[in-house]
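Same order as they appear, the protein sequences are chains A and B.
Anchor point for the first sequence: position 27 equals 27 in this note's numbering, and the numbering is continuous, going up by one each time.
Going from the second sequence to this note's numbering is simple: count from 1 and add 1000.
Rather than coming from a laboratory, the hints here were simulated on the basis of the structure.
Mixed in with the good hints, there may be bad ones.
Ranges of calculated distance between the beta carbons of each label pair, as one might list FRET restraints [what the hints assert, rightly or not]:
hint	chain 1	residue 1	chain 2	residue 2	range
1	B	K1200	A	M421	30 to 36 Å
2	B	S1171	A	K276	22 to 28 Å
3	B	T1244	A	Q376	33 to 39 Å
Backbone N, C-alpha and C fix where the C-beta goes; we use that ideal spot for every residue, glycine too.
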Amino acid sequence: MFQNLTDRLQSVFSRLTGRGKLSEADVDAAMREVRMALLEADVNFKVVKAFVAKVRERAVGADVMQSLTPGQMVVKIVLEELTVLMGGNESRLALSGRVPNVIMLVGLQGAGKTTAAAKLANLLRKQGRRPLLVACDVYRPAAIDQLEALGRELDIPVYRGEGTDAVAIAKAGVKEAIARLRDIVIIDTAGRLHVDEEMMAEAARIKAAVKPDQVLMVVDAMTGQDAVNAASAFAERVDFDGVIISKLDGDARGGAALSIRAVTGKPVLFASVGEKTDNLEVFRPDGMARRILGMGDVVSLIERAQEAFDEATATQAEERLKAGSFTLDDFLDQLRQLKKMGPLKDVIAMIPGANKLPKDAEIDESALVRTEAIIQSMTARERAKPSVINGSRRERIAAGAGVSVYDVNQMLKQFAQTQKMVKQLGTQQGKRRRRVPGFPGMRF
Amino acid sequence: MSAWLDRLSKGLSRTRDQLSGQLNVLLGRGPDVDETFWGDLEDALVGADMGVTAVTEMVERLRVTAKRQALPDARAVLEHLATEIADELRVPDVADFIDASPSTVIVVGINGTGKTTTVGKLAKAAADEGRSVLIGSADTFRAAAVEQLHIWAERAGVPIVERERGTDPASVAFDAVREAKESATDLLIIDTAGRLHTSKDLMAELSKVKRIIERESVAPVHTLLVMDATTGQNGLTQAREFDTAVGIDAIALTKLDGTAKGGIAVAVVRELGVPILRVGVGEGENDLKPFDPEEFASALVGLR
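Using the sequences and the accompanying hints, generate a full structural model.
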């Protein structure tokens, strides 16, 4: 998602790396690029100014001038400062011991509050909570129906009050949660413009009435320079505790997230990364900074892998792998788990150096499906011992999977290569525990 | 000051002045055109989402012009800039297809820009003028999108073609076009689901919807891209991708009643060569207005 910014900084720094020591003119050139890149990424211009000044100050400082690899030093400084700008370590949603905990969502129209409410409820339920959604958007036509439909899909209860008094509905919603033994209440409010006095006052009244443990502002990742205005106004009038950044699965570079953090000091807690109700992730500032700089986001990658991979299957595969008997069934398991990690292109984007892959390299997601179909068309014996697969078997498998014999041959060839690689790894790393399964050869 | 600008400033006075004062500061500070002025102007235009590369070029050119034409003060410079931008925003040879009869308009855009609301407001305006209007509700993806549009259709007092959530949007579009043909409707407006321009599948789905509509419609078919004025530089990519997928004929710029200036729209008009036909300036049924390049440009550079 931050591809272009990454490219840009890398082109600057590759120029720098190629030379000896940094002159002040070099630093100036680099800082110009950094400024342009950040502005193009929609980081607010005031924030950019302060950021560039800070990086520059450190860059022209002695440590860089005397450093043998000044280019790398600048990368390091930009990375560090970018991480600081985005809030240093990741922030966790702070919930209290109170039952029920109350979370209130606010934001501009179209930021994605209602969807975020449902996704957050889903995430918290995965963590063992019992959420109740409360629909307080009494203005947008059918907004309440929307939340209700999402609740139905997720099988999470939604409270819709009566009348058009959002404050009363919010209060009644909390009561309802107590009556139904729900331990967390998520209040979805109407989208409002930060300059709409009346609506901002209403949000403040809802807050005063239900005293939420957390008020979260939902911000569209595509927001431009105006993000700081909106966020500052919400901070002043309603005061919020953290940010959910939405639509981060697009290609917007999301500079708004940096700006809001820098201007209001509020941490970004979650990022919404897809259309599905489980596409809400904990926002990781350092990971994002590394990603911006083209260093990959290994932490996210590992976390996704851990979520997708089933421990038992992985251990089994590892045992067999050590014994040197990696079968087509294991291969199929791995494919399936890989698929669970989400679209391949997203997964690849997290791998360090991935941005150096050809821009338009098409990732053929259907290849996975094809491979799966081929293996499923094999008999148990064929899967355990691929060497028995002769010409007529190949034809039968191809017909069963709806592919050509050529595809089957290709697949078998790939498997043979993988098996060979796996065997080598098995002997090399026999003693090493816990690699991330499914990524033979990848070091963390 | 016209009505919509009036509406723009109504009720928003204090906060708004505080927030959008950047350019007014340029004027308030005095008439001098010095180095600080140019620096501040650049900041302010970048702050209006005009894009740093475009702004750098624009200010370079403006410096030369200011010198050559001996523009006397800051106001004269800003006025010159506003005129220049307004000229760029005037796209000749494109008629307002929303006002034409018969006409079929497909409304597209990313999630949350205000497509459904825009469809509702367009329908209301046309119905108020006494034209026959039909709404096609082809956003069958978002929960309750159909219900939302249904309420708008009732408000506008116009019929709507709607199907259950999850129905193939192309089939809804097909039915809507058939219905419009049979009832000799003046204006058919088709709402589509919001989608990120990066989603290949959803963009392909949209192309299909458009193809079906073009194949079936006897009325001329046009596509309206709804853009949110708060959008940053990604707006240009969005517009490009939608243009590639379905071909964009015009833009509706929504949410101009906040503090965002919508500067990215200038870049989109410049690149795609399509006009902005409507601007959204409020939540009311009648808060979708025809676009006025002068007013927009003046607001953009902070003259109003």
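Outcome of the hint check:
Distance hint check: the CB atoms of K1200 of chain B and M421 of chain A are about 31 Å apart, consistent with the given range 30 to 36 Å. For the hinted restraint 22 to 28 Å between S1171 of chain B and K276 of chain A, the CB-CB distance of approximately 24 Å keeps it satisfied. For T1244 of chain B paired with Q376 of chain A, a C-beta distance near 37 Å keeps the hint of 33 to 39 Å intact.
Of the numbered hints given earlier, the model fails none.
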